[in-house]
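Q: Chains R and S supply the protein sequences, listed in that same order. The numbering used here numbers the first residue of the first sequence as 1 and each following residue consecutively. The numbering used here numbers the first residue of the second sequence as 1 and each following residue consecutively.
The set of hints was computed from the structure by calculation and includes no laboratory data. Incorrect hints may have been included.
Stated by the list, open to error - Simulated crosslink set (EDC-like; lysine to aspartate or glutamate; CA at most 20 Å straight-line): (1) K45/R x E92/S; (2) K45/R x E80/S; (3) K210/S x E186/S; (4) K404/S x D447/S; (5) K58/R x D116/S; (6) K58/R x E90/S; (7) K58/R x E87/R; (8) K93/S x D83/R; (9) K58/R x E45/S; (10) K21/R x E96/R; (11) K41/R x E80/S; (12) K41/R x E87/R; (13) K45/R x E186/S; (14) K562/S x E536/S; (15) K58/R x E123/S; (16) K58/R x E119/S; (17) K93/S x D49/R; (18) K41/R x E92/S; (19) K122/S x E73/R; (20) K41/R x E90/S; (21) K112/S x E45/S.
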Amino acid sequence: MGNYYNYTHFRTANSLRMIKKKITIKNSSGLHARPSATLVKTASKFSSDFFIHFYGYKVNGKSILGVMTLAAEHGSELELEFDGSDEKEAMKTITELIENKFGLKDE
Amino acid sequence: MSETESVDHKTISGISANSGIAVGNIVCIDNKRRKVLPKSISETEIDFHLKNFKEGRTTLITELSGMLDYLDAQSGSIIETQKQIILDAEVEKRVESLIQDHLFSSDYAVYKTFCDFIERLKESGSELFQQRIVDLENLRDRFIDVICDDKKSFSIEKGTILVTKELSPTELVSLHANGLSGLVMEKGGITSHAALIAQSLEIPCIVSAKNATSKAFNVKGILDGREGILILDPEKEILDKYKIKLEKLKKTQRRLLKNINEPSLTKSGTEFFLSANIEFESELGQLAKYNAKSIGLLRTEGLLFSNKIGFEDQVRFYESVLSATEGSVTFRLFDVGGDKLNAKIPEEANPFLGWRGIRMLLDEKDLLETQLKALLICAGKNKGRVKILIPMVSVEEEIFELKKVIATLQKDLSGSGYKIDKEIALGAMIEVPSAALNAENLARHLDFMSIGTNDLTQYTMAVDRGNEKICSLYQQQHPSLWKLIKITAEASLKTNTEIAVCGELAGNVLGACGLVGLGIRNLSMIPNAIPRIKEELISHDDSELKELAESFLAASNTTQIKEIFEDWRVH
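Same shape as in the complex, but just chain S (with noise of 0.2 Å):
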């Protein structure tokens, strides 16, 4: 990087969430304090006023409440104390008064009644209260946008970069769709829901970026999302550097999308399935874009933070996922911790190690069998084609239980006159170390396993991904994760069971080979990942790719790994 070591005062650096090169004009939003000025209004808007008050309250309670989905308990304290302040009965009676009595309209009623309390925070001097007044500033900030209908912080100029202190999953795909070109955030790892969707949606991120909100200004910019930098204003010699680099990048993204019709076989013939996953309708397209046959992780979690695990909600959105493949679709019921259920649930000392996945949804008898029911609706209708994955199963009784569920809601719905698919395919995830261990026991009892690289690293390595004291202790390509993915692929041979993988370790060149290389041939991925990995795949024999995940078995550390993979690469 020592080429832009002269412009760094022009440069925000941070870490790279996602690869790519975006070159737009830079919006910041910055949070600055805002000031609105008393405006009249005539009697005869004293009701439009009134109204709009209102309205912008309950548009803000339920941004508010879509944001709660994405935190933990503690944070999702805050979020309810903010609800609680919006709605503060206090608020309401003063916001009325100056619009009914003082003819105000209703930006400034809602500015100046929030003023008056902040003023008196102010005043009382308290260091403890003090930091409570810039929460109250950003509310009333927010409230005000969303009285004004001012939604500058949400609709965007096609080709905008973005940068900002954080940004809700929400909120970013409802920005892609405006089209947003890149994303500069100041928190969150990169492994934050945020950066996961910025990789989804293709977008250049950058998260870590300290103070960023801060250096950055208006201006046109260049977001180098591999190097993990910002350059603001750049001058027209570097501005033509990354002109030509974005067109080396679009050439070899049309290569690459050229191979995506080639047949997926590897040098020696042996074929090989890349899947994508999926969570939202909205990135749906991509699967004809990348050619992706199947879904080979339909994440069903968004139906919970948008509320809508109702049994037609949840139809319609498997009915909707269904149309958009031919092949098949993997639906993963619900993998959340109890938390997220019921703001009433109390936190967890160690919610990774608590009540989460099948072990919450086999106590949570409603939710599940409204799940199953819908999706086994859905599969008697699309015979073949819907596949039923486990989350988070550590014991064999756990499958028992679950297909005793599942046995009975057949029989009701074909009691009922529904169509039923009584070869149902059901899958488990191996992402805890114990049903890794124990696959072959497991493997008896289902037609499929689907490796969740993710979280078994997380449990194998003992390390939380979001600590960023640690993370760098998180690591899918650790010689311990590929001991536990041969156990598996084994167990699956052995067994005659399908086998899958689904984390970030499949949509990764090393992680893809060795994978293959273990005889794992079905692979599900972020859609945008399959155009590079199926070039690296048809690019190798079997015998390679077994030997080189010989030798991810054989080395002692993920950086020998790193190197064993370099070099085999070059021969």
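Same shape as in the complex, but just chain R (with noise of 0.2 Å):
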């Protein structure tokens, strides 16, 4: 699990701290419709700028569509990047429900 986990702090030109994380889609079925519309609501509840990069991609977290277009399946490796005062428990957060796969009975 080790592996997957990466953590890389460092500071932008405008000096604002924000925190990564790479991370495996576990659920067999991927980020279809209903897992990103978990994984939008949660982030949506922190104030946190919530991005996610994927093959040269990188789309906003708290879009629904943004993640869906992602069309990231099972074995997908996702950059997550937050920004903000509440990171540290987005990051959290968003990487025990990945972690979890969405709370979804895997087919």
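Starting from the two chains in their separate frames, assemble the complex, guided by the hints.
A: Here it is in structure tokens:
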């Protein structure tokens, strides 16, 4: 599991701190509509900005269309980026959500 | 149907959900993919287009929320996701930028934004995600319809026959107000909500018409509700034939309507009472048309679905219903499953055997007390005319508990200076086999009982009426049902408790004759069934009807019962 975790802390040009983390999608059907909906709903509870990097795309993690269009399937490795006052808590919650396969019973 | 075989390519067939004939122009909502061309706007128009986008979004959300009320939890979660897409922050950002920075019109801005996302999804090449594209395209097109105030799917010319995939009850009600003459749906069974409303609004209706939207086009058509067919662009002879049929139908209607003002007496002079089942205010006009003196079943779930469960909203609705008739109104308390109350309530494995009707109401005290308070106040103003009906009673304790709640509320209201009706009638739906079998004991605590044959059939036959695979087992006329009804009727006689039937069986000629034969004199039905039922009942004497009911009880299956009825009727 440790391999998938890669905390990176660095400073952006305007001195705002952001945190990043790599994670793998574990539920067999990938980030389809329902997991996307859950992910976005959860992310929207936090004030921090949340972006997902995948295959050179960067999408807003609080946008369900953005997340869906990533078409991330089982085994896809995403990079999550959080930026804001509650970024640590946001990262913890989102990570758990993905680890727990969005609380869906896996098919 | 052999006469229509030669024109098969021009005929769409499905299952008859409501008889009747409609001749009119066909409008087909075929969900064709839309194309919107870029339109430039001037800087002064920016605000207008931004507002247009936001208002369209609100309308769409309201529309989706309305649909939610008629859906099960699974379909509900799909709608929830659609709502999330409509409110998507990224969509908002892009649309606003296209309007503000690129000076595009709001409809194109939405079109472009969705198309970009759809394009990306297509590029992904993932099988699973390809299925979502259709959903997104539908949502995009509906969004643009709303923004353009393109009401073409909702406003129609008088006499139109609509062919569509499916229709929500609210859409159907509003289309009816605009003069819809017939409805063909690809989806839905004969007991789907839209079909039931079509029956109540007297719109000829066909359901389960496979691929209808891809076969139909905008020409003149004939909808034969009884046969379950829609004939496209009919030849003159067929058209003439149907015009004669239609004329005959109207004549029969007129004859039946003439009967309406005659006394409701069997040939032996026994009086019977035909009342109306009502759900929407738009149906109230039918009371006078069919001379229904009272409302035997007022469904109140419409309030829940349109989120009008506040005290004032309820009082307004109940008063409006009471003022539409001089007779009594039987108000059935909210009869829904818990999932309809709150999306957070988890889906049950067996919702029809679950937390619903009185079981749910006794737990949701606020909901129950607000409804009872509204009803009790209306009852105080209309003494003797308000009757309260408890849904889904399975044990007598439920009646005791509800009585306690009513007594407390009556005392409080009286203490606050409200007039109350101390004699307010309380009844129970007999729709669970345990209630029918135990009717004599229940009746001792009640002023009336009302047999709901639809649910009683469902629970007796252990069949979900909505399940296409087994719906042929959904037999309201099965001997087992007649036996349960007989037990209930005897209980009513023994305890001197009023009895009524408010299910579909009461509005069916066979059913009504059998029920009156069992001594049940109060039948409540969709208003347009009243003339037919009355005509049948006034043409038989009591001993004939009794004999019929006895042979129903002796039969061993539904086919036999139908044959017995046909033989009996010919005599």
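Q: Going through the earlier hints one by one, which of them does the structure break, listed in rising order?
A: 9 and 13
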